[in-house]
Amino acid sequence: MTALDFWTYGVVGATFLLYIGIAIWARASTTGEFYVAGKGVHPVANGMATAADWMSAASFISMAGLIAFNGYGASVFLMGWTGGYVLLALLLAPYLRKFGKFTVPEFIGDRYYSQAARIVAVICLILASITYVIGQMKGIGVAFSRFLETSYEMGLYIGMGIVFIYAVLGGMKGITYTQIAQYCVLILAYTIPAIFISLALTGIPIPQIGLGGNYAPGGGEISLLAKLDQVVTELGFKQYTTQVMGSTLNMFAYTLSLMIGTAGLPHVIIRFFTVPKVKDARYSAGWALVFIALLYTTAPAVGAMARLNFTDTLMVQQTETTEQGLAAFEPQPYDELPSWFKNWEKTGLLAWQDLNDDGLVQYYNDTNEATVAEAEALGFKGSEVFHRSGDSLNPGPDRDIMVLANPEIAQLPNWVIALVVAGGLAAALSTAAGLLLAISSAISHDLLKGVFAKGISEKNELMAGRIAMAGAIVVAGFLGLNPPGFAAGTVAIAFGLAASSIFPALMMGIFYKKMNNVGAVAGMLAGITVTLFYVFQHKGIFFIPGTAFLAPELGMGPDWFFGISPNAFGAVGAIVNFIVAFVVAKLTAPPPEHIQHLVEDVRVPRGSGEATSH
Amino acid sequence: MTPEKRSAYWKANLWLLTILLIIWFVVSYGLGILLVEPLNNFSLGGYPLGFWFAQQGSIYTFLVLIFVYAWQMNRLDKKFDVDET
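Those protein sequence lines, which keep their order, are chains A and B.
Be aware that the first sequence starts at 623, since it is given in our numbering, and climbs by one per residue.
Be aware that the second sequence starts at 23, since it is given in our numbering, and climbs by one per residue.
The shape of chain A in the complex, shown without the other chains (with noise of 0.2 Å):
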């Protein structure tokens, strides 16, 4: 055992033994105590643990990566998954509050006076979390694997076990104090290595402020972000600091999707019906947002050092010398490459192959003609590191291995290493464990007690929703073995199916009081139906590979709407929800007055009341 692996197996035994601890310790008894934590949740603790639950497998291990390689481009991941928070705070959070209930189908029910409409909110919340828990169930493979040196899919399976275990052994109330300590764990492991890194490439502590800052290697005259665009552009590839992720409009409706499939996703929802007040609904929205930005603004700097730092050890820039482009750069040896390279190695997600027999591993952008024209004059004959998806190579890294490799390729203490791995299983369990709840809920609770059997004991209720959860772990992990892409873009198709189903209902529920059942049901169907179509004809049907139907002789090719692509579409389909529901409702009788006085109610905060269930 070397004495990474001691570090490691000791960092990530000591929490995981702290949070089994809590969820024992805090064990659910009652179902209101499974599902919503009893009342007294202060809204700073509440807000730290709904950062914790928020704070997934695509933030803390794949975002910082998907920044490296996209650049400017990934902003949307910045923006929309922060910017949500104010449309939650603003439009949702105190009047879901005020209305006092468990779940968030139980307000569309109970709003739209429809059994169907409830129905229908439960199938799309339980779309878009199982899709959501591929995205994690991606992460949490990453992260075994490499851990426990092993391939993908064995991390996968090991990972599946831990969640389960985990997220059926304690209810929410459990989870809200482990999840205040996931976060504790999670945020401490992101800004550490972030702060060593951001020391040594530019001496300033502060990794927001160190990636506007000078590149102190090179002797500080440049600045850092000016030398990562000098160095990605030599090597053949765009510009980081503008290169665009599809087009404007594709960036435009990329961060609208996740912004409003922010104020949809049913696990962030639930966490506001946990605070006492109206008030601290209001408040929880802004500590949770506090939480979250010490992440999200230290992730560029994560994304970019590490793009650089990996640029670097790869091809290392030759500092005397007059050559332009490719030719100044010299491709190390594969034999004297740092450790973490063969690692990364083992489990597929990192691969080289040589292609042109001389013992060294070329990097560069093979897809620019310019760039290969350089190549060729060297004897290079592609560039030479890909990762395995199933049997084929793809070229460069799994994005998705950044943020766990980055210590490593910065030279880190060992407990720095070890503790980045723990803080990637915290994120993702903690969320896994959060959107698994908040699957079982629907369907034991919503599904179960509240249409189809009405008399169902506490007990049964509990099973049932635990039966649910195992069952949930299992379709997702088995879709996670081949995922519709690095994690955090599989997170943003869920937030896509969120943002076309259940926030333009919510959003009409509370701010348009002529909304009726039938035009909320048409809308919701409408806006999913679009969304899932335009998704799985790009990523196969039910992700299964295999499976897509793209007809580029219809004029349906990849990205075929505007260039929009299936990630950003929730956009769309939140846009044809929304104006579905308007026309329909305008169109049949409108909801009865004690509906409307419902409304009026939910507008107010005075009265409001505990959570209840019917």
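Check each hint, because a few of them may be wrong.
Stated by the list, open to error - To give an idea of the chain B side of the interface with chain A (calculated C-beta under 10 Å), a few residues:
#, residue
1, 23
2, 39
3, 43
4, 46
5, 60
6, 68
7, 70
8, 74
9, 91
10, 103
11, 104
To be verified - Within a straight-line C-alpha distance of at most 20 Å, the following computed EDC-like cross-link-like pairs (lysine to aspartate or glutamate) qualify:
#, chain 1, residue 1, chain 2, residue 2
12, A, 901, B, 103
13, A, 1135, A, 1215
14, A, 899, B, 103
15, B, 33, A, 627
16, B, 27, B, 105
17, B, 33, A, 1223
18, A, 901, B, 26
19, A, 901, B, 59
20, A, 723, A, 1222
21, A, 860, A, 988
22, B, 100, A, 1223
23, B, 27, A, 627
24, A, 1135, B, 106
25, B, 101, A, 988
26, A, 723, A, 1223
27, A, 899, B, 105
28, A, 899, B, 26
29, A, 1136, A, 1223
30, B, 101, A, 775
31, A, 723, B, 26
32, A, 968, A, 988
33, B, 27, A, 1223
34, A, 968, A, 775
35, B, 100, A, 1222
36, A, 860, B, 59
Said to hold, decoys possible - Chain B residues, not near chain A, derived (Cβ > 10 Å throughout):
#, residue
37, 24
38, 37
39, 84
40, 101
Since the hints were made in silico from the structure, they are not lab data.
Predicted model, so just to flag it, every value in this text is computed and none were measured.
Note that the Cβ used here is the ideal one computed from N, Cα and C, for glycine as well.
Start from chain A and add chain B according to the hints.
Positioned in the frame of chain A, the structure of chain B alone reads:
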């Protein structure tokens, strides 16, 4: 509570929402996406300005917006006497 007072409270709420959401939109979609290229001609430390808004500035603005909203709404609740006791 009279219907007039109720509707005045709601109007004040909507007015506040509108102002805050305009700022929300302008900073993220405006400065961070649509106007990013012209803004990148300016810089903030080593950051191109548009890039800074997209990856840092918008997030700080969102934080301020939520706390301003919570603070103003609590004042409004008291003024219209609809706050929780």
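Verification of the hints:
Taken as an interface hint, residue 23(B) checks out: its beta carbon lies about 7 Å from the nearest beta carbon of chain A, inside 10 Å. The restraint placing residue 39(B) at the interface with chain A holds, with a minimum CB-CB distance near 6 Å, inside the 10 Å limit. Given hint, residue 43(B) at the interface with chain A, holds; its Cβ is 7 Å from that chain's nearest Cβ, closer than 10 Å. At a threshold of 10 Å, the smallest CB-CB gap from residue 46(B) to chain A is about 5 Å, leaving the interface hint in force.
For residue 60(B), the interface hint is violated, the least distance from its beta-carbon to any beta-carbon of chain A being 12 Å, above 10 Å. A hinted interface residue such as residue 68(B) counts as satisfied when its beta carbon comes closer than 10 Å to some beta carbon of chain A; here the least separation is about 3 Å, so the hint holds. For residue 70(B), the suggested interface contact is upheld, since its CB lies about 5 Å from the closest CB of chain A, less than 10 Å. Annotation: interface hint on residue 74(B) holds; nearest CB of chain A at approximately 7 Å, less than 10 Å.
Using the Cβ-Cβ criterion of 10 Å, the hint placing residue 91(B) at the interface with chain A is satisfied: the shortest such distance is roughly 6 Å. With 10 Å as the threshold, the beta carbon of residue 103(B) comes within range of chain A, its nearest partner Cβ sitting at about 8 Å, so the hint holds. A least Cβ separation of about 5 Å between residue 104(B) and chain A falls short of the 10 Å threshold, and the interface hint therefore holds. A hinted pair counts as satisfied when its Cα atoms are at most 20 Å apart, and residue 901(A) with residue 103(B) qualifies at roughly 14 Å.
For the hint pairing residue 1135(A) with residue 1215(A), the CA-to-CA distance comes to about 10 Å; that is within 20 Å, so the pair holds. Distance hint between residue 899(A) and residue 103(B) is fulfilled; the C-alpha atoms sit about 16 Å from each other, no more than 20 Å. Distance hint between residue 33(B) and residue 627(A) is unfulfilled; the C-alpha atoms sit about 61 Å from each other, more than 20 Å. Restraint check for residue 27(B) and residue 105(B): satisfied, since their Cα atoms lie roughly 14 Å apart, inside the 20 Å limit.
Of the pairs offered as hints, the one joining residue 33(B) and residue 1223(A) holds, with about 15 Å between alpha carbons and a cut-off of 20 Å not exceeded. As the CA atoms of residue 901(A) and residue 26(B) are separated by approximately 23 Å, the hinted pair breaks the 20 Å bound. Distance hint between residue 901(A) and residue 59(B) is unfulfilled; the C-alpha atoms sit about 40 Å from each other, more than 20 Å. This hinted pair checks out: residue 723(A) and residue 1222(A) have alpha carbons roughly 17 Å apart, not beyond 20 Å.
With a C-alpha separation of about 12 Å, the suggested pair residue 860(A) and residue 988(A) falls inside the 20 Å cut-off, and the hint holds. Only pairs whose Cα atoms come within 20 Å are accepted, and residue 100(B) paired with residue 1223(A) is accepted, the gap being roughly 17 Å. At most 20 Å may separate the alpha-carbon atoms for a hinted pair to count; residue 27(B) and residue 627(A) exceed this at roughly 66 Å. A distance of roughly 23 Å separates the Cα atoms of residue 1135(A) and residue 106(B); the hinted pair therefore is violated under the 20 Å criterion.
Only pairs whose Cα atoms come within 20 Å are accepted, and residue 101(B) paired with residue 988(A) is rejected, the gap being roughly 65 Å. With a C-alpha separation of about 14 Å, the suggested pair residue 723(A) and residue 1223(A) falls inside the 20 Å cut-off, and the hint holds. Proximity of residue 899(A) to residue 105(B) is assessed by CA-CA distance (about 10 Å); at most 20 Å being required, the pair is judged to hold. Annotation: proposed proximity of residue 899(A) to residue 26(B) is violated, straight-line Cα distance about 25 Å (limit 20 Å).
Under the criterion of a C-alpha separation no larger than 20 Å, the hint pairing residue 1136(A) with residue 1223(A) is consistent with the structure, at around 15 Å. A hinted pair counts as satisfied when its Cα atoms are at most 20 Å apart, and residue 101(B) with residue 775(A) does not qualify at roughly 59 Å. Taken as a hint, the residue 723(A) and residue 26(B) pair is broken in the structure, with Cα atoms around 28 Å apart against an allowance of 20 Å. This hinted pair does not check out: residue 968(A) and residue 988(A) have alpha carbons roughly 25 Å apart, beyond 20 Å.
This hinted pair checks out: residue 27(B) and residue 1223(A) have alpha carbons roughly 13 Å apart, not beyond 20 Å. Of the supplied pair hints, the one linking residue 968(A) and residue 775(A) holds, its CA atoms being roughly 12 Å apart against a limit of 20 Å. With a CA separation close to 18 Å, the supplied pair residue 100(B) and residue 1222(A) stays within the 20 Å bound. With a C-alpha separation of about 15 Å, the suggested pairing of residue 860(A) with residue 59(B) holds against the 20 Å cut-off.
Every Cβ of chain A is farther than 10 Å from the Cβ of residue 24(B); the closest lies at roughly 12 Å, confirming the non-interface assignment. No beta-carbon of chain A is positioned within 10 Å of the beta-carbon of residue 37(B); the least distance is around 12 Å. With a least beta-carbon separation of about 5 Å from chain A, residue 84(B) fails to lie farther than 10 Å from that chain, contradicting its non-interface assignment. Distance to chain A confirms residue 101(B) as a non-interface residue, since its nearest Cβ pair spans about 12 Å, more than 10 Å.
The structure fails to meet hints 5, 15, 18, 19, 23, 24, 25, 28, 30, 31, 32 and 39 from the earlier list, while all remaining hints are met.
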